[in-house]
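Residue numbering for the sequence shown follows UniProt numbering, starting at 1 and increasing by one per position.
Keep in mind that the hints were calculated from the coordinates and are not lab data.
In silico EDC-like cross-links for lysine to aspartate or glutamate, where the CA-CA straight-line distance does not exceed 16 Å:
#1 Lys80 - Asp70
#2 Lys80 - Asp51
#3 Lys94 - Glu64
#4 Lys450 - Glu547
#5 Lys94 - Asp67
#6 Lys450 - Asp538
#7 Lys450 - Asp393
#8 Lys361 - Glu10
#9 Lys361 - Asp9
This one's a predicted model, so the numbers in the text were calculated from it and none came from an experiment.
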Amino acid sequence: MLMWLHRFDETVAGLIARLSARPLYAYALVALIATIVLLPGLAQLPVTDRDEGRYVLASKQMMESGDYIDIRNQDEPRWKKPVGIYWLQVVAAKITGFAEAAPIWVYRLPSFLGIVAASLLTIWAVRPLTGPPGALIAGIVVASAVVSLGEGSIAKTDAALLATCVAMQGALLRAWRSEERQFDRTRALFWIALALGVLIKGPIILLLALGTLGWLCWVERDFDPVRQVMPWPGIALFAVIAAPWFIAIGIVSDGAFYLASVGDDLLGKVGDSSNNHGGPYGYYLMTVWITFWPWAVLALLALPFAWANRDSDAVHFLFGWVVPFWLVFAVTTTKLPHYILPILPAFGALIGLWITSEAPKRRPVLQGVAALLFLIGGGAVAALVAGGGFLLDGRLDPLGLVLGGVGAALILAAAMALILRAIYGFGALALAAALILLPSITAVTLASPKLDLSGQIAGGYARYAACTTQPLHTIGYREPSLVFLAGTETTFMAFTDAHLIASAPEGTLFALDTARAGSLMDLETAAGVPMVVLGTYDGINYNRGGETRVLLLARADDATLAACRD
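Generate coordinates for the entire structure from the input sequences, incorporating the hints supplied.
In structure tokens form, the structure reads like this:
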């Protein structure tokens with residue numbers, strides 16, 4: 001077996017070398033890997049709450065209202081993030097021809113393409129540091145990590161932001177190493193990517209740029225890295241791209257956007273655990289083994305190599321990419337695993353640099369620790385695929401069991417390869433496990449109807465569309481995904497307003513969350529009129545916690561709906 005494993009290792013190494021020598025093949029492979037990971041779940045995964053639901057609802061309202069400056073969820077302003085991701089989602093909806101009727105997978109296209117673009121840009125960005133084989137490995141890392149699946153499968157900011165971060169860092173690297181001092185295409189790309197990143201997620205990309213530049217200045221004991229990006233013409237270009245919308249939203253909101261986005265959203269996350277998303281010091285050190293699975297353990301093995309080469313340009317730049325950004329989020333009160341996504345390409349570059357080097361790969365203790373961490377992360381992923389159906393529905397999904405079992409077998413084989421120092425073989429087996437397990441999470445495990453309670457309710461409401469034009473009224477169930485699916489005129493009612501049901505227009509339907517609001521009998525008593533149940537929907541409200549039953553109701557005397565009830 002040992003001989004076979006080392007032959008396999010040599011075969012994979014040769015394949016990487018041959019593919020990387022042909023850039024088009026390398027780019028095609030990485031794009032294919034990202035597509036396999038992301039595409040199966042793009043349409044299967046239900047709309048997630050609450051962040052994704054709020055993003056897509058705001059984009060949908062932009063198209064309905066024709067207002068592409070202000071950002072709103074129904075009557076409430078959504079002034080947490082800039083407009084970039086909403087514009088990208090609107091463009092996706094318009095280009096595909098769906099416009100405001102676009103299904104959720106259309107709104108997810110910018111995130112899907114963001115991960116694909118980030119993976120491809122990583123190859124380009126880090127090639128001067130790692131060489132072609134190492135750059136290909138880095139691109140594979142970005143395309144197939146758990147965090148890439150998570151952010152590339154939902155309609156949020158982070159995947160698109162990652163693409164701008166990688167483009168900016170690739171331009172910064174080339175400007176830093178350039179002997180010329182002129183505002184060329186490389187410097188222009190740096191500032192364009194920076195401006196686009198700010199439009200997508202505010203100052204996060206600025207933090208990455210300043211952290212990297214600050215690190216390089218500290219290493220060189222000189223401000224030359226800053227001078228190399230030509231800040232004065234660059235800032236002018238940045239302002240031309242980013243300033244118009246920021247000025248416009250300031251006028252439209254009378255400055256309230258800045259109070260909400262900077263004062264409440266940004267500073268609130270620094271000083272307080274926003275939405276109970278706190279975590280201890282060392283949070284990212286504990287979670288990175290799953291967030292960056294299956295590749296984080298290779299970064300651990302690469303650390304001795306990085307330390308031995310700490311005076312090299314490559315390690316200087318990669319540490320500047322990772323260390324300041326990591327430290328800022330480590331001390332920030334609000335913590336979520338995906339916050340460190342912008343440093344994933346640097347992890348990939350360090351891994352590629354180490355694997356393709358002549359540095360010794362024998363470190364038995366570290367290899368044992370890495371194998372254990374890999375098994376823990378991989379075991380969690382495989383268990384989710386194999387047993388997720390049982391946790392959600394109380395039944396074992398045969399497809400999930402098969403996929404989880406095959407993935408687990410590959411994980412065990414990869415761990416063995418890691419212990420035996422067959423690093424290329426480990427990479428191939430780990431990638432195979434990721435290509436089986438990661439798309440299964442979104443397309444099989446999380447595609448459960450139990451997690452699509454809003455979809456069930458909206459589907460029930462849609463069956464009565466031929467009989468009523470009245471918006472859906474919900475009592476107790478307040479998830480933005482339902483507003484996105486059932487229509488932006490969906491109305492939230494408090495249980496204390498139940499007396500208004502008696503005077504509601506003919507054809508009005510009501511969705512009652514019995515876990516949050518009360519029973520049907522309680523509602524009938526408060527409303528003063530009998531109700532009829534048109535549909536019963538059971539699911540898991542993961543934001544509120546626990547099982548939830550929602551009843552679709554109408555007044556018993558409402559003759560408008562009779563034709564659709566038959």
